[in-house]
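Undergrad: With our numbering, letter number 140 in the sequence shown gets 140, and the count goes up by one each step, no holes.
Just so you know, the hints here were simulated from the structure itself, not pulled from any lab data.
One should not assume that every hint holds.
Stated by the list, open to error - As a list, the in silico EDC-like pairs of lysine to aspartate or glutamate whose alpha-carbon atoms are at most 16 Å apart:
#1 K143 x E197
#2 K191 x D152
#3 K191 x E170
What the hints assert, rightly or not - If you anchor each label on the Cβ, the simulated ranges turn out as follows:
#4 A167 x A70: 49 to 57 Å
#5 S187 x P147: 19 to 27 Å
#6 L176 x Q66: 47 to 55 Å
#7 H78 x P161: 33 to 41 Å
#8 D84 x R109: 31 to 39 Å
#9 W171 x P24: 34 to 42 Å
#10 P24 x E177: 14 to 22 Å
Keep in mind the model is a prediction, meaning the values are calculated, not measured.
Beta carbons: idealized from backbone N, C-alpha and C, even for Gly.
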Amino acid sequence: MPSFDPIVYSSNPVTLVGGGEATPQDLAEALTLAPVCVAVDGGAALALQAGAELAAVIGDFDSLRQEDLARIPADRCHRIAEQDSTDFEKALSRVAAPVVIGVGFLGGRVDHQLAAFHTLAACRAQPCVLLGQDEVVCLAPPKVCLPTQAGDTVSLFPLGPVAGRSAGLEWPIQGLEFGPLTRIGTSNRAKGPMILEMQTPAMLLILPRRLMPALVSALAQPECARWNARVE
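Put together the whole structure using the sequences plus the hints.
TA: This is the structure in structure tokens:
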């Protein structure tokens, strides 16, 4: 994927607000962890409803209502007209932050969710956690350690050929070759704290929502190696 100069550069985590299924409570929870708020096109409506201060609005503006646009300073509105990418991809590829939380990208239309998963992999240099009603989803990093508890569901879904290794899972993954047409890893279970390592940036990690703070913290740490340092 082409690289772009950041529109939003932040030393703090960033919350991206999309126009999908999300509530003001979802946004408030994300903002406690990622206090910089950026709207993705029509997601500005939720941000304005919740009274969040918008650092920027990014998208093609085809779903941004004129009355909402009028409430946002013009220098914070960044229209990107090309139609070769989704608004989420337009925004995530132009944010530089330790980690991003995406609110309003899960639930609703299945094709929108699939596009969001594509974006996690396409924009792998920018760690991002998607917040859903009951779960959180991210692209599994090269290595992550998480305080899962015995019985927690840990699902792995490959977007392409990928292998790795694990500790703390009921069914270890080392020695397995995953792929969307061959082997998936959904409905695994934690036995306690978990360590997960991946060889390539092609595995979605799906966890219970209550683990969002721990996941966001882990992905934001410098010692959590990033794919842009590992992948040409």
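Undergrad: Straight-line Cα separation of K191 and E170 no greater than 16 Å?
TA: Holds, at about 6 Å.
Undergrad: Starting from the range 19 to 27 Å, see whether the pair S187 and P147 falls in it by beta-carbon distance.
TA: 20 Å, holds
Undergrad: Look at the Cβ atoms of A167 and A70 and judge whether their distance stays inside 49 to 57 Å.
TA: 53 Å, holds
Undergrad: I want to verify a distance hint. Is the separation of the beta carbons of P24 and E177 within 14 to 22 Å?
TA: 43 Å, violated
Undergrad: Taking the CB of D84 and the CB of R109, does the distance hold inside 31 to 39 Å?
TA: 20 Å, violated
Undergrad: Given the hint of 33 to 41 Å, check if H78 and P161 actually sit that far apart at their C-beta atoms.
TA: 36 Å, holds
Undergrad: Do the alpha carbons of K191 and D152 lie within 16 Å of each other, as the hint requires?
TA: 8 Å, holds
Undergrad: Just tell me: holds or violated, for the beta carbon distance of W171 and P24 against 34 to 42 Å?
TA: 38 Å, holds
Undergrad: Could you check the hint for me, namely that L176 and Q66 are 47 to 55 Å apart, CB to CB?
TA: 52 Å, holds
Undergrad: Please verify whether K143 and E197 have alpha carbons no more than 16 Å apart.
TA: Between K143 and E197 the Cα gap is close to 4 Å, so the pair holds against 16 Å.
Consistency note: the structure conflicts with the earlier hints numbered 8 and 10.
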